[in-house]
Amino acid sequence: MMNYEHILIRYAELSLKGKNRKFFEQKLQSNIREALKPFPAVKTSKSFGRMFVQLNGEDEEKVSDRLKNVFGIHSFSPAVKVPLEKEAICEGALWAAKDALPEGNRTFKVSVRRTNKDFPIGSQEMNQIVGGHVLRNMNHLSVDLHHPDVHLKVEIRQEAAYITCKVIKASGGLPVGTSGKVMLMLSGGIDSPVAGYLALKRGVTIEAVHFHSPPFTNERAKQKVEDLVKVLTKFGGNMNLHIVPFTDVQTAIHKQVPDNYEMTVMRRFMLRITEKLAEINQAKGIVNGESLGQVASQTLESMYAINEVTSIPVLRPLITMDKLEVIDVARAIGTYDISILPYEDCCTIFLPSESKTKPNHLKAQRYESFLDIEKMVDQTVERMETMKIHEGIDENKGFEKLF
Amino acid sequence: MVYFDNSATTIPYPEVIDTFSTVARSYFANPSSLHPLGKEAEQLLNHARKKVASILAVEAKEIFFTSGGTEGNNLAIKGTARQLQKRGKHIITTSLEHSSTHDAMAELENDGFSITYLTPDMNGQVSAEQIENAITSETILVSMIHVSNELGSKQPVEETGAILRKYPKIVFHVDHVQGITKVPLSIKDASIDLCTISAHKFHGLKGNGVLYVRQGLKLSPLFSGGQQEKGFRPGTENLAGIVSLTKALRMAFDKADDKIASLKDLSTWIEREVSEIDGVVMNSPLNRAPHILNFSILHMKPEVIVQALAERDIYVSTKSACSSKNFEPSRVLSSLGFSETRASSAIRVSLSFDNTKDEAIYFVKTLKDIVSTMKKVVKV
Chain A
1 MMNYEHILIR YAELSLKGKN RKFFEQKLQS NIREALKPFP AVKTSKSFGR MFVQLNGEDE
61 EKVSDRLKNV FGIHSFSPAV KVPLEKEAIC EGALWAAKDA LPEGNRTFKV SVRRTNKDFP
121 IGSQEMNQIV GGHVLRNMNH LSVDLHHPDV HLKVEIRQEA AYITCKVIKA SGGLPVGTSG
181 KVMLMLSGGI DSPVAGYLAL KRGVTIEAVH FHSPPFTNER AKQKVEDLVK VLTKFGGNMN
241 LHIVPFTDVQ TAIHKQVPDN YEMTVMRRFM LRITEKLAEI NQAKGIVNGE SLGQVASQTL
301 ESMYAINEVT SIPVLRPLIT MDKLEVIDVA RAIGTYDISI LPYEDCCTIF LPSESKTKPN
361 HLKAQRYESF LDIEKMVDQT VERMETMKIH EGIDENKGFE KLF
Chain B
1 MVYFDNSATT IPYPEVIDTF STVARSYFAN PSSLHPLGKE AEQLLNHARK KVASILAVEA
61 KEIFFTSGGT EGNNLAIKGT ARQLQKRGKH IITTSLEHSS THDAMAELEN DGFSITYLTP
121 DMNGQVSAEQ IENAITSETI LVSMIHVSNE LGSKQPVEET GAILRKYPKI VFHVDHVQGI
181 TKVPLSIKDA SIDLCTISAH KFHGLKGNGV LYVRQGLKLS PLFSGGQQEK GFRPGTENLA
241 GIVSLTKALR MAFDKADDKI ASLKDLSTWI EREVSEIDGV VMNSPLNRAP HILNFSILHM
301 KPEVIVQALA ERDIYVSTKS ACSSKNFEPS RVLSSLGFSE TRASSAIRVS LSFDNTKDEA
361 IYFVKTLKDI VSTMKKVVKV
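First to last, the protein sequences are chains A and B. So the first sequence is numbered by the working numbering: it starts at 1 and just counts up by one. So the second sequence is numbered by the working numbering: it starts at 1 and just counts up by one.
Bound conformation, chain A alone (with noise of 0.2 angstroms):
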């Protein structure tokens, strides 16, 4: 019964970042390690412009599917060692071909690296054994020197030999917590949650914020954006999730603004406090999931007239992104099926049958000049509520002794 031993790790971009370089290794180490946190025996280790993570007898399966979810990796392998002899070497990268391949007419190459001089067999005879041993032990096998489905790598060295052959692709991107912090305005909805996957992508870290109008908007709608932001600290880690209270803005805003402007006027709101919050913690930039054109709020007039509220940079991922594509995403990372379910968030209670798609930007400030714009904004950020959001399925401690 064969193993593997531990993980080789590529990275993506950071490999060209010059003087960065360190930095993000180690930021990438460090978000390994709090990835794999799970796994108490696993160790991490760099050298060489890799990273390898010694399994040390945890399931490989699982520790993949976990680093599949870290950015900044570009792919991996498991790798099995093998004692220093011409069978186990042949049975080690048998063992590899077959769990690389599953089935069905597929092709591979073999290469042997020898650096262990002391070996008795040269690496050209070596690629002839083991590639036979391959073949002969599977079928609808062959040999394609350029464009093999799978590479079997058998690294022979001083203590042992090392053998891959799976290479599984990772999401790629840069590692979280090396391109500053964001602020994510998070609806609840199925967009805003694929943004700030994307924004994660690009290695910023996260603080979410969520407007929320009790009683016009209920628990489960924040309990829903807690569930969202839980499956984001998969992908980023601990995330801060700040619940402004938004009804007493939204009041105002209904009494003195004319209804076709009451969209356009909340969310100059929703940006001004965002840009507020972002001020404190320290962020350089928010994040929306925006979509050009998708719905009144999202024209370039909208923007526009929305946007002018502030000069900190909005970076909107799914600009350019049709509803479906940003579904697939949503899908593949967990966050569709939560954000389907169906509670009023604040976007949608107050609002007239009919917005303003093409909203003028005066207009609008006029019509904000009669509110003390200042205030409400303090007062609201004043009121917030901030939660600190881990990872893991303890969603009520007071749940774990009834279990």
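To be clear, the hints were calculated from the coordinates, so they are not data collected in a lab. All residues carry an ideal CB built from backbone N, CA and C; glycine is no exception. Fair warning: there could be bad hints in the mix.
Unchecked claim - The calculated DSS-like cross-link candidates involving lysine-lysine, where the alpha carbons are at most 25 angstroms apart (straight line), are:
1. 81/A with 98/A
2. 230/A with 50/B
3. 98/A with 188/B
4. 50/B with 61/B
5. 50/B with 401/A
6. 230/B with 98/A
7. 368/B with 230/A
8. 37/A with 50/B
9. 166/A with 188/B
10. 234/A with 169/A
11. 68/A with 188/B
12. 39/B with 230/B
13. 61/B with 234/A
14. 323/A with 230/A
15. 388/A with 284/A
16. 234/A with 39/B
17. 230/B with 206/B
18. 206/B with 68/A
19. 62/A with 153/A
20. 62/A with 166/A
21. 169/B with 401/A
22. 61/B with 62/A
23. 230/A with 230/B
24. 181/A with 22/A
25. 62/A with 230/A
26. 78/B with 206/B
27. 81/A with 117/A
28. 50/B with 388/A
29. 368/B with 357/B
As the list claims (entries may be wrong) - One side of the interface only, derived from the structure: several residues of chain A facing chain B at Cβ under 7 angstroms:
30. 46
31. 218
32. 219
33. 223
34. 399
35. 402
36. 403
Chain B: place on chain A using the hints.
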């Protein structure tokens, strides 16, 4: 008290009853209610679902809470049959099944389905080959008990699953009510589509069970009603029962790790001792589940033995509790080709992880006494 009737039901763990009581008191709200109390109840429900899923090594969305084994089997079988009847009307099962499966099949037969009942060999086992031979282009479902509740014989679930992988349109249901915690079975590795378990067989409370439904599979519900359990099983969730089931499952699996082997030792010892009694024939095969032992004491009415043992505070049963009230020969035993005498004189001893060697010694000694006393009275 020596309680050896654990296949009928187990003694609930006190901690499980405490959990039931706490949840019933503190989390009484309807998980579908919008207010915070409802939200809290719903969170607890989700938490329990995740726990059960992780213990069974499946996805949380594949766990459906039911009222127990009978409902689970009915929902799996009738739910599949009605959902897929346009595709075909043939179902394969065995003659070893629990009455909830057997009678659900009979009902479907009345509705125009054709059912193949596979006959087991003398060891109480059907073969995966028998199943493959019975498959037709009309077959929509294979339903099989993993561990026979009467005999303790084990069915080739893994092999059947492997064969059915070649027939992706055939749904594979396993009644795992007797096997759970005692006979390890990986739902995913065995390619099982539907799997029934029931809480009170692993020291939980009556009225709770789980039906595992592989993701993507649809069932026609038995009840009409709300959207609880994705509409497969409408009705307000029995939260206290569900949480207590989860606790019982966790505790039983914790024990299983080191107790399965000693359970087998204990029942093997009883088997050897009881075999020495004159007139005793073993009905359970050698290769059986560790906790169930079925034997006949020929020409002795099993009800009388049960009664006599009970007078000495020992509790065993005749056959399946769900069919013990009709005094006919056991349907399952008869299907193995056992004579009427043998099939109508069966005693079932069923153990739990908590039974001890001392209890077994007392049981064997008492049984020997009873048999020899009765021999003097009964004409053989």
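Hints, one by one, checked against the model:
1. About 16 angstroms separates the Cα atoms of residue 81/A and residue 98/A, which keeps this hinted pair within 25 angstroms; it holds.
2. A C-alpha spacing of about 15 angstroms is found between residue 230/A and residue 50/B, which places the hinted pair at or below 25 angstroms, so the restraint holds.
3. A C-alpha spacing of about 21 angstroms is found between residue 98/A and residue 188/B, which places the hinted pair at or below 25 angstroms, so the restraint holds.
4. This hinted pair checks out: residue 50/B and residue 61/B have alpha carbons roughly 8 angstroms apart, not beyond 25 angstroms.
5. Note on residue 50/B and residue 401/A: the hinted pairing holds, with a Cα-Cα distance of about 15 angstroms set against a maximum of 25 angstroms.
6. This hinted pair does not check out: residue 230/B and residue 98/A have alpha carbons roughly 39 angstroms apart, beyond 25 angstroms.
7. A distance of roughly 62 angstroms separates the Cα atoms of residue 368/B and residue 230/A; the hinted pair therefore is violated under the 25 angstroms criterion.
8. For the suggested pair residue 37/A and residue 50/B, the alpha carbons sit about 20 angstroms apart, so the restraint of at most 25 angstroms is met.
9. Among the hinted pairs, residue 166/A with residue 188/B is consistent with the structure: their alpha-carbon atoms are about 23 angstroms apart, no more than 25 angstroms.
10. Our distance criterion of 25 angstroms between C-alpha atoms is met by residue 234/A and residue 169/A, whose separation comes to about 17 angstroms.
11. Restraint check for residue 68/A and residue 188/B: the C-alpha separation of about 22 angstroms stays at or below 25 angstroms, so the hint holds.
12. Distance check on the hinted pair: residue 39/B and residue 230/B sit about 17 angstroms apart at the alpha-carbon level, within 25 angstroms; holds.
13. Taken as a hint, the residue 61/B and residue 234/A pair is honoured in the structure, with Cα atoms around 19 angstroms apart against an allowance of 25 angstroms.
14. Of the supplied pair hints, the one linking residue 323/A and residue 230/A holds, its CA atoms being roughly 23 angstroms apart against a limit of 25 angstroms.
15. Note on residue 388/A and residue 284/A: the hinted pairing holds, with a Cα-Cα distance of about 20 angstroms set against a maximum of 25 angstroms.
16. Simply put, residue 234/A and residue 39/B have alpha-carbon atoms about 24 angstroms apart, close enough for the 25 angstroms limit, and the pair holds.
17. About 23 angstroms separates the Cα atoms of residue 230/B and residue 206/B, which keeps this hinted pair within 25 angstroms; it holds.
18. Only pairs whose Cα atoms come within 25 angstroms are accepted, and residue 206/B paired with residue 68/A is rejected, the gap being roughly 42 angstroms.
19. A threshold of 25 angstroms between alpha carbons decides the hint, and for residue 62/A with residue 153/A the separation of about 23 angstroms falls inside it, so the pair holds.
20. For the given pair, residue 62/A sits about 15 angstroms from residue 166/A by alpha-carbon distance, which is consistent with the 25 angstroms threshold.
21. Only pairs whose Cα atoms come within 25 angstroms are accepted, and residue 169/B paired with residue 401/A is rejected, the gap being roughly 42 angstroms.
22. Between residue 61/B and residue 62/A, the direct Cα distance comes to roughly 19 angstroms. Compliance with the 25 angstroms bound is thereby established for this hinted pair.
23. For a cut-off of 25 angstroms, the pair hint linking residue 230/A to residue 230/B stands: about 23 angstroms separates their Cα positions.
24. Pair hint residue 181/A plus residue 22/A holds up; C-alpha atoms about 20 angstroms apart against a cutoff of 25 angstroms.
25. The hinted pair formed by residue 62/A and residue 230/A meets the criterion: a straight-line CA distance of about 19 angstroms does not exceed 25 angstroms.
26. Taking the CA atoms of residue 78/B and residue 206/B, the gap is about 22 angstroms. The hint holds against a cut of 25 angstroms.
27. With a C-alpha separation of about 18 angstroms, the suggested pair residue 81/A and residue 117/A falls inside the 25 angstroms cut-off, and the hint holds.
28. At most 25 angstroms may separate the alpha-carbon atoms for a hinted pair to count; residue 50/B and residue 388/A meet this at roughly 22 angstroms.
29. Between residue 368/B and residue 357/B, the direct Cα distance comes to roughly 17 angstroms. Compliance with the 25 angstroms bound is thereby established for this hinted pair.
30. The restraint placing residue 46/A at the interface with chain B is violated, with a minimum CB-CB distance near 32 angstroms, outside the 7 angstroms limit.
31. For residue 218/A, the interface hint holds, since its Cβ comes within 7 angstroms of a Cβ in chain B; the closest pair sits about 5 angstroms apart.
32. Because the smallest distance between the Cβ of residue 219/A and any Cβ of chain B comes to about 5 angstroms, under 7 angstroms, the interface hint for this residue holds.
33. Among the interface hints, the one on residue 223/A holds; its C-beta lies about 6 angstroms from the nearest C-beta in chain B, closer than the 7 angstroms criterion.
34. The closest approach between the C-beta of residue 399/A and any C-beta of chain B is roughly 5 angstroms, which is under the 7 angstroms cut-off, so the hint is satisfied.
35. The interface hint given for residue 402/A holds, since its Cβ lies 5 angstroms from the closest Cβ of chain B, which is under the 7 angstroms cut-off.
36. At about 5 angstroms, the closest approach between the beta carbon of residue 403/A and any beta carbon in chain B falls short of 7 angstroms, and the interface hint on this residue holds.
Violation of the numbered hints given earlier is confined to hints 6, 7, 18, 21, 30; the remaining hints are satisfied by the structure.
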